[in-house]
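Make a model of the complete structure from these sequences and hints.
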Amino acid sequence: MIRNTLFGIYGVGSKDPATCELTHLFGDEGYVDSETISRAYLEQEGRAMEQMGAGRAGPFARLEDLQRYAYALCDQIGVARVILIDRDEYNQKVEHATSLDELREILPTMGSAMENADHSKGGTIWSKIFN
Amino acid sequence: MASSLNDLNSLFPGESIFFYWKTSSTLWRDKLSAGIKGERVIIPINWALHTVNGNEHDFAQKKPESDLKKLVDIIRELGKEVVFFLPLTPLPFLPNGGVPPFLASYQAWCSDQLHYSIMDQEERVHHFYSYFDPKVYRAFHKFIQAFADYLQQEKLGCDIWGIIGGSIDENGEFQDYLFDRSPTFNQGFGRFLQVQREEEMGEESGESEAVVIDSPGKERYYQNEFHTLIATMYLDSARELLAANWEGVLPVAFIGGDQRDLFSRISGRDSVADHLRAALSAVSLDVLPLSTLIAGEMGDSILETFFNNLVSRSFLPNKLMQSSYLEQQGNIFAPLFFANLYRPRIFQGEGGDNHFRRIGLQTLLEQRFTNCFQQLAVEPDLPNGSFAGQEGEQQERELIHFFSARHLSLKGLKRVLQLFMQGGRVVLDRAEIDPVLQKRLDSFIIENSLTVSDVNFHILVSEVRLGDSKMVLLDSSQLVAKYRDGKGDHPESELPSKVVQFWEKIIATFEIQHISLDPPAGVLFFWHTRSANSQELNFHEIRRLNLYNASSYKRKVVIGGMEKFALLKVLDEVRSELHTGRKEITVELLPWGSLAIDFGLYL
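Residue numbers (my numbering), protein chains in the order written: chain A, 116 to 246; chain B, -15 to 587.
Misleading hints may appear alongside valid ones.
Listed below are several chain A residues computed to face chain B (Cβ distance under 10 Å; list not exhaustive) [what the hints assert, rightly or not]:
{"#": "1", "residue": "139"}
{"#": "2", "residue": "206"}
{"#": "3", "residue": "210"}
{"#": "4", "residue": "215"}
{"#": "5", "residue": "216"}
Rather than coming from a laboratory, the hints here were simulated on the basis of the structure. All C-beta atoms, glycine included, are put in the ideal place defined by N, C-alpha and C.
Following this line, the structure appears as C-alpha cells:
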C-alpha cells in the first residue's frame, strides 16, 4: 500500500504555534520538490510561500487548509491517495518499527487517508482511450 | 532492543572500522586479518554491550564479545594500531542510538519534533533516546569510570577519540545527534533557565537583567547554551576519566544519517549524488564523513571509490595524525583548501549564522573555489574540546582566513592578530565590531608601527602588511548598503553581481593559483594537495583532482586555465577517458565513471 501514495507528516508551525505545517511530504519519487510545493501553495493561499526546502509546506491557519492543500497536491502529482499523519501519532507508533519493511507496513496505518477521487475515476489508459 | 550478534557488515574495510559486537569473538582474528588493509583499526565502543543495569559493567566477565583486551591483542598481533571511538552522543549504527535498553525511556526529537529514527546499512531502524535525561548522563559517567579502570588494569594504552556524531542536513549544515527538542530536553531547559535566573538575581555586582525569553532568537541562544552545557558534561567526564588515553574530540557526519534520509529510503529514492554532496559538505565543515550507514550500497559503485579517495586515504589519516607529523610526511595527500571562513558555531545546525553567504563571499567561493574552502568555528564549539586535525603552522600561513567581527570575542581577536603576526593572511570584516575590539585593533596597529594602505574599491578597503603577512580590513555593511535596492537585505539569489565581483577582486589580491572548474550537472569533484618530492623539483606542489559522474548520463568536463600547471598523470580511471588539447583537457565520463588527474604547480 506504500505505492501510489503521498505521505504528509504535519505538526504545529515552527514559527507560529497557532498555525500548522507539513514537514515531510514524500511519495514514490521521494520528497516532493520545492517548486511543486510552492506553486500549489500559491494557488491555494494566494501568497508566496517562504522557501523551506523540499518536502516542507506551510504555514496554514487551520488544519482544514492543510488537508485541502495536501489533497490538491495529491491530485496534481497524480497519486491515488494522500495520508496525513499527525506528528504525535507518528512519534507514538514509529518506535515499534525496527526495520525498513516494518516502517513501510506501519506508515499506511497511521493518520488519515484521503483517496483521490479523480485518480480512481481515471482508471487505466485503456479506459481513458475507449471512454 | 538488546544488542545481538549479526556477522553481516561488522567490518568496514574502507574506513577500517570494526563493529566487534557483531561477530563472535572466536572469529575476530579471521575477520580482521582478511578485511583490514590500513595501518589502524577503529573500534567504536558499544556502551550497551558492556552493561545491562548500569551498576555492573562487563569486560569479558560474561560476554566473550565484551573482551576488549583480547580484541586489542589480536589487532596488535596483526601489526595494526588500535583507535577507540567513544560516542559522546547517540550514534546511528547502534540500537537505541547506543543507550543501554534500561535507559531507553525518553525519545529524542529532531528539529521537526519527530522521534529521531535513522536507518543503518542493514535497513534496521534505530531510534534515539534523549541524552538530556539525567539518568542517562549518570549511567554514562559510571560506564566511563568502569571503562577507565579496565583500561588501566589491563594496561591498554590505545588512543581514544570522543565522537560527536551527527548528520549533514539538506542545507549542508552539520546537525549533531545530541540535538534534541523533546519534552525531556524542555524540562531540563526549564530548570536551566531557572538556575540562570537565580544566579542573575543573586549577583551582587550592580543591576542585572533577569533571563527573559522574549524572542525566538533569544530562546535559540539559551537553548544553544543549554545544549553546550550538557554536551560539555559528557565530554568532560570522558576527557577527565580517560586522560591517559585521550586524544581529542572528532565530529563525525554519518552520510545517509539525517532524519530526512529515512523517508527517502522508505520511498526507495536516496540519491548517490546527494550522499557525495553531503560528504563534501562534511569535509568543508572539517567534519569526518563516514559511510557506515550506506555501505550496503557500495561495492562496485562510485560511492566506494569516492569514500576511499576522500576519506580513507586522505581526510581520516589527516584527522587522526598529529599535524607536526603530517608536515614531515610530504607525500600524503591532504584536502586542498584555500580559505577558512570562521563562524560562531558548527554544531547544532539549527539557526546557524550565514553571514558570509549574506554578503556574497560564500557564493563566490562556491563558484570559483568549489570544495576548496572550510567553515570552522571561531572557537571550538565545546569548551575544552580540542579538535582533531588543527592545521599545521605552514598550512595556516597559506590559507586566507576570513573573520567577521560580529562573531569575535577579545580572545577571538587575539587569535586573528596572532595569525597575522605568524605570517598569515587574514580578511577581517569589521561590520558591527565591538568598540572594545576596534580599540584593541587600533592599538595593535600603532604598537607594531604597521603601515595601513587605504583604497576606495566599491568601499573603503584597508590593507595592513608586515613582511609576508597581510590583513585586509573592510566593512561589509557598507558593501551591502551600497547595492541594496531599497527592499532590504538581499536574499542570496538576488545578490548583485557587483558584490560577488568585489570579493573576486579581494581574493585575487592573494594571488591564488588554481584551476577553476565548471562541470555539468551530476559531476562532483574535489582536490587534494601534497608537497613535491625529490623527483618533482620543478614543482611547488602536486595537486590531485578527483572527478566523479554521479549521474546516469554521459558527461564531458573541460579543464582549462592550466597555464601554471603541468599534467603529470591520470589514474584510477573507471568508465572514463581523458583527451589532451593544446590549452585544455577534456574528460569524458560515462555514467558512474570517475578518474583522478595529478597536476604539478610550477614554481
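Checked hints:
1. 139: 6 Å, holds
2. 206: 5 Å, holds
3. 210: 6 Å, holds
4. 215: Since the shortest Cβ distance to chain B is 4 Å, the answer is holds.
5. 216: At about 7 Å, which falls below the 10 Å cut-off, the nearest Cβ of chain B leaves the hint on residue 216 of chain A intact, so it holds.
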